[in-house]
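Single-letter residue listing:
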Amino acid sequence: MNKINKFEMRLSALSENENFARSCAAAFCLPLNPTLDEINDVKTAVSEAVTNCIVHAYNGAADKYIDMSVTAEEGGKLTVTITDSGCGIEDVEKALQPFYTTKSDEERSGMGFTIMSTFMDELLVTSEKGRGTQVSMTKFIRGARNVDSRTDSAAD
Amino acid sequence: MQVKIYNKGIYTIAGLSGELDEYAAKELRRELDEGLTLPSVKKNILFDMGGVSFMDSTGIGVLLGRYKLLKGLGKNMFICNVNAQMDRILRTTGIYTIMQKVSV
Ligand SMILES: Nc1ncnc2c1ncn2[C@@H]1O[C@H](COP(=O)(O)OP(=O)(O)OP(=O)(O)O)[C@@H](O)[C@H]1O
Ligand SMILES: [Mg+2]
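Chains A and B supply the protein sequences, listed in that same order.
Just so it is clear: in the first sequence, position 26 is 26 by the numbering used here, and no numbers are missing.
Just so it is clear: in the second sequence, position 63 is 219 by the numbering used here, and no numbers are missing.
Straight-line C-alpha distance at most 35 Å; calculated DSBU-like pairs for lysine-lysine:
no. : chain 1 : residue 1 : chain 2 : residue 2
1   : A       : 103       : B       : 257
2   : A       : 103       : B       : 160
3   : B       : 224       : A       : 94
4   : B       : 182       : A       : 103
5   : B       : 199       : A       : 103
Hints were generated in silico from the structure; no laboratory data involved.
Using the sequences provided together with the hints, build the complete structure.
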């Protein structure tokens with residue numbers, strides 16, 4: 001059976017925690033042997049999701065929480081789920097469009113979800129108006145396998 | 157984040173370092189808007205990202221915001237020394253079509 005490793009954390013919705021959240025996710029996936037590019041992709045996607053909780057879900061209110069869970073499966077499958085209990089998204093399909101933002105007056109460009117879906121392999125967003133949003137992202141870390149196959153052929 | 161603004165050759169250089177995310181954005185905007193509207197600032201402004209180790213879409217917003225500000229003042233904005241992570245963001249979001257990347 002595939003070994004599954006998991007961690008969960010709860011963070012105050014403060015922007016100073018963004019660095020901590022993305023660094024934790026990156027550190028946790030290290031045993032999967034990611035390439036530097038893969039680590040950066042995970043970091044960036046996590047940063048996008050956490051920023052959205054702080055900026056949109058809670059609109060800057062600091063007494064709220066963000067939940068993050070990360071699972072790493074032996075085959076290289078990494079799943080990051082980020083959940084808030086904020087304002088929710090009225091129309092998820094619309095929110096996922098490039099350049100769609102409800103905060104253009106605050107220098108937002110509406111690229112967060114586009115970055116998440118480009119940098120990860122799968123993106124799933126579920127939301128309920130007034131209740132909150134859950135963003136689940138999966139990435140298949142290939143770095144490990146590349147290293148394995150190289151070792152194999154070297155041994156041949 | 158740290159910001160250093162100085163003149164060199166045809167450019168006024170805005171040298172940034174640190175991680176450009178939501179936490180850093182507010183103070184960064186303030187410093188850039190203050191420093192880049194001084195009379196000594198040249199027509200061409202080069203954002204040197206050599207010290208920036210991380211950026212997300214908040215950084216895109218900051219860059220586009222400065223681009224609009226500078227354009228309104230009749231100035232040109234360029235960007236250089238972008239690391240691989242930032243380059244991927246800038247390519248994914250099409251920012252290079254607005255802000256030219258130069259090598260110095
Ligand atoms: N967790 C969330 N809770 C409530 N609304 C959200 C959440 N995440 C995203 N949204 C909504 O979806 C829109 C698009 O999000 P996206 O991250 O793509 O762009 P943005 O945050 O507006 O801009 P950028 O990420 O480029 O700074 C947001 O403007 C907001 O209306
Ligand atoms: Mg966003």
